[in-house]
Every structure is written in C-alpha cells, then in structure tokens.
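Enquirer: Please construct the entire structure, taking both the sequences and the accompanying hints into account.
Number of protein chains: 2
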Amino acid sequence: MSRGSLFIVSGPSGTGKGTVCSELIKCENIFLSISATTRNMRVGEKEGVTYFYTTEEKFKKMISDGQMLEYASYNGNYYGTPKKAVEDMLEAGKNVILEIEVQGALKVKEKMPEAILIFVVPPSIAELKKRLIYRGREDRDEIKRRIGEASREFSQLPKYNYVVVNDELQRCVNEVLDIINATNEKQRIIERLLNELKESVNYDD
Amino acid sequence: MSRGSLFIVSGPSGTGKGTVCSELIKCENIFLSISATTRNMRVGEKEGVTYFYTTEEKFKKMISDGQMLEYASYNGNYYGTPKKAVEDMLEAGKNVILEIEVQGALKVKEKMPEAILIFVVPPSIAELKKRLIYRGREDRDEIKRRIGEASREFSQLPKYNYVVVNDELQRCVNEVLDIINATNEKQRIIERLLNELKESVNYDD
Numbered sequence: 000m001s002r003g004s005l006f007i008v009s010g011p012s013g014t015g016k017g018t019v020c021s022e023l024i025k026c027e028n029i030f031l032s033i034s035a036t037t038r039n040m041r042v043g044e045k046e047g048v049t050y051f052y053t054t055e056e057k058f059k060k061m062i063s064d065g066q067m068l069e070y071a072s073y074n075g076n077y078y079g080t081p082k083k084a085v086e087d088m089l090e091a092g093k094n095v096i097l098e099i100e101v102q103g104a105l106k107v108k109e110k111m112p113e114a115i116l117i118f119v120v121p122p123s124i125a126e127l128k129k130r131l132i133y134r135g136r137e138d139r140d141e142i143k144r145r146i147g148e149a150s151r152e153f154s155q156l157p158k159y160n161y162v163v164v165n166d167e168l169q170r171c172v173n174e175v176l177d178i179i180n181a182t183n184e185k186q187r188i189i190e191r192l193l194n195e196l197k198e199s200v201n202y203d204d
Numbered sequence: 000m001s002r003g004s005l006f007i008v009s010g011p012s013g014t015g016k017g018t019v020c021s022e023l024i025k026c027e028n029i030f031l032s033i034s035a036t037t038r039n040m041r042v043g044e045k046e047g048v049t050y051f052y053t054t055e056e057k058f059k060k061m062i063s064d065g066q067m068l069e070y071a072s073y074n075g076n077y078y079g080t081p082k083k084a085v086e087d088m089l090e091a092g093k094n095v096i097l098e099i100e101v102q103g104a105l106k107v108k109e110k111m112p113e114a115i116l117i118f119v120v121p122p123s124i125a126e127l128k129k130r131l132i133y134r135g136r137e138d139r140d141e142i143k144r145r146i147g148e149a150s151r152e153f154s155q156l157p158k159y160n161y162v163v164v165n166d167e168l169q170r171c172v173n174e175v176l177d178i179i180n181a182t183n184e185k186q187r188i189i190e191r192l193l194n195e196l197k198e199s200v201n202y203d204d
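Quick mapping for you: the protein sequence lines, in order, are chains G and H.
Be aware that the first sequence starts at 0, since it is given in numbering that gives the first Met the number 0, and climbs by one per residue.
Be aware that the second sequence starts at 0, since it is given in numbering that gives the first Met the number 0, and climbs by one per residue.
Since the hints were made in silico from the structure, they are not lab data.
Any given hint could be a false lead.
[Unchecked claim] No farther apart than 30 Å at their CA atoms in a straight line, the calculated lysine-lysine pairs in the BS3-like style are these:
#1 G:K106 / H:K129
#2 H:K93 / H:K110
#3 G:K197 / H:K129
[Claimed, not checked] With beta-carbon atoms standing in for the labels, derived distance ranges:
#4 H:R38 / G:R187: 40 to 50 Å
#5 H:E141 / G:R187: 25 to 35 Å
#6 G:D166 / H:L193: 16 to 26 Å
#7 H:A91 / G:E109: 29 to 39 Å
#8 H:K60 / G:E90: 42 to 52 Å
#9 G:I62 / H:R41: 55 to 65 Å
#10 H:R38 / G:C26: 34 to 44 Å
#11 G:G47 / H:K110: 52 to 62 Å
#12 H:E27 / G:D166: 24 to 34 Å
#13 G:V42 / H:L193: 40 to 50 Å
#14 G:N76 / H:E100: 43 to 53 Å
#15 G:R144 / H:Y73: 49 to 59 Å
All C-beta atoms in this analysis are idealised placements derived from N, C-alpha and C, irrespective of residue type, glycine included.
Expert: So, in structure tokens, the structure goes:
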C-alpha cells in the first residue's frame, strides 16, 4: 500500500469549497483532517470525530513542541491541525483533505512541502458577489470586505499547485479527483522506483 | 497576453530528459533558458544564444547582487541562470524550460515558488541501467555511482510538482505539454480574476 497524500483546499468564502470537500469525502479513501480545539464539546459532537478536544495548556505545549501544522485563535479558543493525526492517516494510505485559509495553508506547505495546494475559485468575480448576496450577506460593506479579502488571497495563488474553477459542482469535484488520482499515481511511481533502487543496491545485480 | 511560466526539468542521467526538452522547444512558445558562463566562447557559439558570456568578476557580482537563480562551478568555470533573462522571457509571455539538476532546481524554486518542477524518471531502475550501459558507460563503478546519484535525487522527488515516466518519448513529451498547457490555463484564470477584482474595486459596482 502506498502512502496517502495531503491536499489543502482553500478559496474565498462564496466559492463553495466546503461543498466540494463534502463531495470529495464521499469517495473511497478520502478523509477530512480532524482539528484540535480548546473550545468545549457541544451536544452531538464526538472526540476524534468532530474535533480532538484539549486544554489550552496542552494546546500551547503542542505548538511549542512543533506538533501543530498550523493554528489560529478565534473567539478566545484555539483551533489547529495536529501533525501526528495527519501523519498517521497518510501512513495508513489515506488521502487527507485539509480545508483551511491561505495563511494556514502556506504554513502547512512550509512544514510538509509534499502537500498539494488546491485553490477553488468562482467562475468570475461577478458570480462571487452574486453568491455572497444569495447567501444572505447583502450588507454592502460586508461584501466589499469579503471581496477585499478574496483579493489578498488571490495574490497568493501562484504558490498553489492547482487552481480549479467551481463553475459546476460535479465537474469541479471530478477535476479535484483527477488531481488526487494523479498525485497517488506519482506517489506509487516514487515508491516503486525507491524500492527498485533499494533492491538494486542490496543485490548489486 | 498572459505571463509565461517557468518549468524546471530534472532527472537522473540516462532518463533522456535532454531529448524530452529538445522535443518541447520545437513547440510554439516554449524556449530553453539561456545560462550565463565565464568560460570562453567556442567556435560556432553565439552570445545570447548558446550562453551569455561574462567575466568571473561580473559573474560573482551577479551572485552577490542576488541576480543568479542558481549557479555552479565546473572545471574552473562558472555556469548559472540569470534571473533577469528568465524574467524577461516570462514577461514576454514565453514558457521557459530550465534543464538542471535537483540541487539547482530546489534553489530556483525557493526564489520563484511559482516555478513548476518536473522530474523525468525511467520506467524502471533496470531500464535506467540498460540505458546507461547502452550509452557506453559500461564501467561498473561508474554505473554504480550514477545509480547512487539517482538514489539521492529520487529522495527529493516529493518536492517536485510532477513526475513523468519517460517510457516512450512522444507520450512523455505529450504529458509534459499537458502540464504546460494546464499551467498556462491556471495563469490565465489568475490574471482574469485579478483583473476583474481590480475593475470591481475601481467601479465599485
């Protein structure tokens, strides 16, 4: 069995990247990364399923020990991606999807350069505005703020491995699946050649 | 016209990456990067075509000024990739191919993270050995050395964007052309969205 690969999905709010990820994890061998958090468990949530729940003290120790691929605080609580949880899934041959914003994505890429960065974009900026309005964010200032945010995120696009346009959900999901399959194929080729090299050295034929 | 993209092609000797690159530059809008060197011009060579010829003093100044994407010395002469020459070609919308070994490739990637790293591999290690022998490198120690070198290079494979198997030349060339086309398409999408964002801010519709 080959090692799985890590895919980081980003994109401005309103591009539908969440829906794309929900579709992806319906497929075989594709799983969402589970974050750690210091916030309290809510009714219906489950340890190790919705989140890994931990204390602020332990969370900060994980940060200082370099065990967090990325983290952020929000409303007084910490949220982050524990490296070990991701590593264990990859080792088990699973493909892992991490849906995070651009700053976090680039931090993970620094620590795991083999991670594949995928940026989901809307077909056009006009369409992005339409979707934000449709989602009930009709406040003109709020939409302007989000477009400004999108603008800053877009400036990091060249650092992403792939840009996929979410024009039609299933087509977009298929494009990401093609990326996942091509990455897995690359991984198989690497592992096969490294094995052949090892044997070649062992037997010196 | 969209900005061109930079493609760095590496791979162990014997994989035929040179032949792949020769085929690529026969295609429209794909050009080899031209290196700078301190060695003397030979008969039949041309300034700005085979190399940019320069003095050791000027070459070293370019290094200290950060104007070299990567460089190496060989047989007492310096060889390197001048950043400006690459930038000018990209600005002019040209796709640039840089055929260099792994260490240099990773240095360029640090300075230009948008560069696409392509690793050309043989279909198998047995086939690689066969090709090295066929190329007249029958010396057992030399082949062992080259396999060892390939082994070290392969360990950097996860940092490459793409791994292409050179099993059949034209199929391999087509696969690289697909990568180039997909990258150009990504670039067009980025530029279009950034333009739309700019207009959106200007007109604030």
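Enquirer: Can the suggested window of 40 to 50 Å be confirmed for the beta-carbon pair V42 (chain G) and L193 (chain H)?
Expert: Check passed, 44 Å falls within 40 to 50 Å.
Enquirer: Is it true that the C-beta distance of A91 (chain H) to E109 (chain G) lies inside 29 to 39 Å, as the hint says?
Expert: Taking Cβ atoms as reference, A91 (chain H) and E109 (chain G) lie about 32 Å apart, which means the hint holds.
Enquirer: Is the hinted range of 40 to 50 Å satisfied by the C-beta distance from R38 (chain H) to R187 (chain G)?
Expert: holds (42 Å)
Enquirer: Indicate whether the distance between the beta carbons of D166 (chain G) and L193 (chain H) respects the range 16 to 26 Å.
Expert: holds (18 Å)
Enquirer: Kindly confirm whether 49 to 59 Å is satisfied by the beta carbon distance between R144 (chain G) and Y73 (chain H).
Expert: With a Cβ separation near 54 Å, R144 (chain G) and Y73 (chain H) satisfy 49 to 59 Å, so the hint holds.
Enquirer: The hint says 34 to 44 Å between R38 (chain H) and C26 (chain G); measuring C-beta to C-beta, is that right?
Expert: Once the Cβ atoms are compared, 54 Å apart, the range 34 to 44 Å for C26 (chain G) and R38 (chain H) is violated.
Enquirer: Okay, I62 (chain G) versus R41 (chain H) on CB: inside 55 to 65 Å?
Expert: holds (58 Å)
Enquirer: Are the Cα atoms of K106 (chain G) and K129 (chain H) separated by 30 Å or less?
Expert: The hint is violated at about 43 Å.
Enquirer: Given the hinted pair K197 (chain G) and K129 (chain H), is their Cα-Cα distance within 30 Å?
Expert: holds (17 Å)
Enquirer: With the threshold set at 30 Å, check whether the alpha-carbon distance from K93 (chain H) to K110 (chain H) stays at or below it.
Expert: Holds: K93 (chain H) and K110 (chain H) sit about 19 Å apart, inside 30 Å.
Enquirer: Does the beta carbon distance between N76 (chain G) and E100 (chain H) stay inside 43 to 53 Å, or does it fall outside?
Expert: holds (47 Å)
Enquirer: Within 24 to 34 Å: is that where the Cβ-Cβ distance between E27 (chain H) and D166 (chain G) falls?
Expert: holds (28 Å)
In terms of the numbered hints stated before, the structure departs from hints 1, 10 and 11, listed from lowest to highest.
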